[in-house]
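Heads up: the protein sequence lines correspond to chains A and B, in order.
If you read the first sequence in UniProt numbering, its first letter stands for residue 1, the second for the next number, and so on.
If you read the second sequence in UniProt numbering, its first letter stands for residue 1, the second for the next number, and so on.
Some hints could be false.
[Stated by the list, open to error] Dumping the calculated SDA-like pairs for lysine to any residue here, alpha-carbon to alpha-carbon at most 20 Å:
no.: 1; chain 1: B; residue 1: K272; chain 2: A; residue 2: D391
no.: 2; chain 1: B; residue 1: K272; chain 2: A; residue 2: L390
no.: 3; chain 1: A; residue 1: K387; chain 2: B; residue 2: M258
[Said to hold, decoys possible] Just so you have them, the derived chain A footprint on chain B, three or more residues with Cβ under 8 Å:
no.: 4; stretch: 263-271
no.: 5; stretch: 284-292
no.: 6; stretch: 311-322
no.: 7; stretch: 368-375
[What the hints assert, rightly or not] Across the chosen pairs, the derived CB separations fall in these ranges:
no.: 8; chain 1: A; residue 1: I281; chain 2: B; residue 2: E234; range: 19 to 25 Å
no.: 9; chain 1: A; residue 1: E229; chain 2: B; residue 2: P2; range: 40 to 46 Å
no.: 10; chain 1: A; residue 1: D196; chain 2: B; residue 2: D14; range: 55 to 61 Å
The hints are simulated quantities; they were obtained by calculation from the structure and are not laboratory data.
We treat Cβ as the ideally placed atom computed from N, Cα and C, and that holds for glycine.
So you can see what is in the structure, the chains are spelled out below.
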Amino acid sequence: MSDLDAFRAETRAWLEANCPADMREPIRGDDDVCWGGRNCQFKSEGQRLWLERMGAKGWTVPEWPAEYGGGGLSRAEARVLAEEMKRIKARSPLSSFGIWMLGPALLKYGNEAQKKEHLPRIARGEIRWCQGYSEPGAGSDLASLRTSAEDMGDHYLVNGSKVWTSYADKADWIFCLVRTDPAAPKHLGISFLLFDMASPGVSTSPIKLISGSSPFCQTFFDNVKVPKENLMGTAGKGWEIAKYLLTHERDMIGGSDSTGGGQRDSVSNIAKRLIGLDAAILADTALRTDIARHEINALAFSLTMERVMAETKSGQGTGALSSMLKYYGTELNKERMQLLMSIRGSDGLTWEGEEKGDGDLARSWLRSRANSIEGGTSEVQLNIIAKRVLDLPGA
Amino acid sequence: MPLILTDDQLMIRDSADGFFNSEAPVAQHRALRDAADPVGFNRDVWAKMAEMGFTGVLVPEAHGGADMGHVAAGIIMEAMGKNLSAAPMLSTAVLGATALKHGTPEQQAKYLPLIAQGAHLLALAADEAARHKPAHIATTATPSGNGFKLNGSKGFVLDGAAADTLIVAARTSGDTNDSAGITLFLVNPKADGVKIDRRSMVDSRGTARVTLNDVQVDGADVLGSVGEGHAILEKVLDAGRACLAAEMLGLSGTAFTMTVDYLKQREQFGQKIGSFQALQHRAAHLFCEVELARSATLKALQALDEGSDRAPMYVSLAKAKAGEVAILATNEGVQMHGGIGMTDEYDIGFFMKRARAAQETFGDAAFHSDRIARTLGY
Ligand SMILES: Cc1cc2nc3c(=O)[nH]c(=O)nc-3n(C[C@H](O)[C@H](O)[C@H](O)COP(=O)(O)OP(=O)(O)OC[C@H]3O[C@@H](n4cnc5c(N)ncnc54)[C@H](O)[C@@H]3O)c2cc1C
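Go ahead and model the full structure; you've got the sequences and the hints to work with.
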């Protein structure tokens, strides 16, 4: 038996013994997703145990080094773990901006003390992070941000406000872009700060989305004192970190929901169930054409993700493709949600009702519209491709 | 199998790119077009392709071929697409070789070595409907003597005027649209009753109408079993479709590069037109589309090499996606060149013409979307 086979056998046995039964059921609503954090309201004892057990093994972040609370697994072992989890339909124990966004940046740019302090807490789901990038006056043009951090000797004094800060009202800490040098050219005066949302002077005010929920906030900073050791990287070099983190965010948004594979049912399977067949052909032939076209693109896109990963691994990669994956993946996901709405017809319009799940589709459809806005809009991704990949003038 | 080229395949790509770029560039296509060349390709180039091992890419080693597989065949076709190189690669080395692998040992021993040597050209005379419909075969094969008599007409036979042997699909039983009852025959184009009329097509490739009038063939000329030609035909067509996807990927790539280069040169309103965001976004979108076509095409070629059950689905994915992208890339290419893009003197129009012809060959995006939907059960 190879080492990998042995690892698979061990992993399978461990998962069988440790994954609670209710953590093997499909996710039905937003509250089935566990985000961790100091104030985490676990929906069930199973959810709590699952996070605790996976966190203790570092398997919430299988490939992070063990010294920082990760699983220390190789790429191949991590794949085995993912396959074994999929086999028993285990839910992901933890959803986390710390894992998807801050962690990779901390590993690359954080100092030893910062890594030791923050990474294990992210891995165990003890601290929930939010992202303080966008401001009322700085969206696509993020580098024009104005939140200021004044150097007061042993600390920075932070003033200003952020907007669209997802889950700011539930988060424990924030990774925040601030301007430390107002005189420098706009990309050079920016620094990357980490601080506690419980610090005096931080307040949040939720904003309601068109999908009805309020996952994001406006966030205000009024003379917030942030210790100097909470600066990540060098003062004035925060923009580089900000961009590095964004590529991780884009890969996550572009890749998460759009492959048509994974756990989700395909559009055509849903259409078959709800519309039915007529002589082996979907009973709505015009919609069938739209669905087939979508599925061709979804398949070609998931093959492209597979190819890009294989190329990167073998060093053949062209690089700079995260903008492409973000752009195409989110546009496809929006198309998928629109097709699902068409398939459902007027039933898809239900907002609330007696049945559990009523309104979920309409809300998911509305939420999907944000995919091509959050993490940098589709237009911004096209700008990046034009500039970095195609080298077009003045882009 | 990881979805990338192996080191060997990367080497084939480099040598194919270099070969077609120097031996059969777009200028040669233009010269053939201007000369109204009766076969539409250059025989010296074909002989050199044989020396390179390209013509035997799908021929087993036992028959003197290089047996490099479909990914390699696709790489060669992509390089031809990049340069608009005309040669009977598709008709002989892909369709012909794939068909003959289903032949009797005698047929294989006779034809496969000749294909690998570049010494014998084949042409597939299957389609009858103007819109691809492989089971639509009205040409009849009625028993006669120790063989059959063929009657019918094939409108769109690639390299039909140059072929030394035709592979004809005819009906030995059943109704016009049945998949059962189709039989493949090896037919000598010089035989009595065979009439070959060269058709002048938009892409200037050698294409012919083949009319069969009481053509007598021998029992030994049947390829595969009587009445069971459809299954072979599907395999032959799938190899051809995947290679056409690769050719379209190649031509899309060149049309795209030419266009992006032009955006960096041409000035209007005192600036490079490539600085206009309306054009930048269209170019960036096109970049993504070409990447998707590349992934789909490679997957189809790999699936054929693996003999996967899902190969037909991936082939249709590749043909549909690469076809749609080739049309987009060439349409956008002409548009973003402005007036010069419409001139015969400039090359971009050749790419548009070839894209249209390759898209129509063996099923367009609509045909293959429908086939995918059927495969997925809807
Ligand atoms: C659901 C959701 C969650 C979010 N979560 C967070 C978060 O947690 N933290 C955070 O910091 N931010 C978050 N954001 C903010 C997000 O990153 C911004 O909304 C985004 O970057 C766009 O900025 P904007 O909203 O100011 O739009 P604008 O920049 O004002 O854009 C308006 C329109 O103009 C277009 N546009 C702008 N500039 C150009 C250009 N140069 N070329 C062409 N078109 C252009 C845009 O594409 C868009 O269509 C979230 C947003 C959403 C929708």
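* **Indices of hints not satisfied (ascending)** => none
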